[in-house]
Amino acid sequence: MTDTQTKESSADLGDAAGKAGGIWTELGPTLAFIVIYNVMLRFPDGDGLFTKSTALYWATGILIVATLCLIVLKLVRGEKIPPFLIISSLLIGSFGTAGILLQSKLFLFIKPTIINLLYAGVIFGGLAVGRNVWKMLFNSLFDLPDFAWKTLAIRWGLYFVAMAIWNEILWRNFSEATWANWKLGNLVLGFLFALANTPYTLKHLRNTEEAED
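Sequential numbering of the sequence shown, starting at 468, is according to the numbering used here.
Watch out, some of these pointers could steer you wrong.
Taking lysine to aspartate or glutamate and the DMTMM-like style, the derived pairs with C-alpha atoms no more than 20 Å apart in a straight line are [what the hints assert, rightly or not]: (1) Lys572 x Asp613; (2) Lys541 x Glu635; (3) Lys602 x Asp613; (4) Lys572 x Asp514; (5) Lys572 x Asp512; (6) Lys541 x Asp610; (7) Lys519 x Glu643; (8) Lys670 x Glu635; (9) Lys617 x Glu635.
Since the hints were made in silico from the structure, they are not lab data.
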């Protein structure tokens with residue numbers, strides 16, 4: 468590899484790393500959810516507004532507000548809002564609001580399942596009609612051949628299906644507190660899965676000259 472190619476690859480990875488740094492900002496709503504939930508658990512149980520039994524509703528409300536603030540922040544910064552963030556925000560807002568107004572935790576429990584299945588459906592549906600949604604979303608970060616984009620799309624589609632199944636297992640078989648706090652575990656799993664796919668991505672990363680050829 469020439470010095471020019473090395474610099475180009477380093478620049479591409481540096482740009483990707485910079486954009487990936489924005490992920491930490493997007494973790495804010497989930498972290499806010501977990502913090503508020505555990506704070507509310509310290510309140511006494513009862514029928515009032517600020518009780519242990521209302522912890523999940525308060526945490527969900529904070530999640531909705533924090534997600535909205537995240538979108539506003541991106542707009543103020545002039546950043547492009549990822550389509551997946553828009554979709555998840557709409558679902559979080561609709562299911563979260565329904566759960567709070569109807570005082571039904573079922574809406575809150577199944578929300579992650581529906582979001583993950585929707586993501587998987589969009590990915591696999593796109594592949595079925597010859598449109599790689601994963602490539603469309605991340606092509607600005609990495610220049611990869613089509614077969615590599617397809618492999619990554621399939622992997623992430625299966626990951627979202629697995630996460631939907633895991634959410635169903637979790638809320639049906641474990642306590643509410645375990646389910647709520649495991650949201651942080653989901654973030655870790657997503658990070659580890661992305662990390663596991665990094666070697667494959669770097670292996671097939673093309674430089675500018677190769678892409679033009």
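Now the hints, each set against the structure:
1. Lys572 x Asp613: violated (42 Å)
2. Lys541 x Glu635: violated (32 Å)
3. Lys602 x Asp613: holds (8 Å)
4. Lys572 x Asp514: Between Lys572 and Asp514 the Cα gap is close to 16 Å, so the pair holds against 20 Å.
5. Lys572 x Asp512: holds (17 Å)
6. Lys541 x Asp610: Not satisfied, since the Cα-Cα distance of roughly 25 Å exceeds 20 Å.
7. Lys519 x Glu643: Holds - the C-alpha atoms of Glu643 and Lys519 are around 11 Å apart, at most 20 Å.
8. Lys670 x Glu635: violated (35 Å)
9. Lys617 x Glu635: The given pair, whose Cα atoms are some 27 Å apart, is violated under the 20 Å limit.
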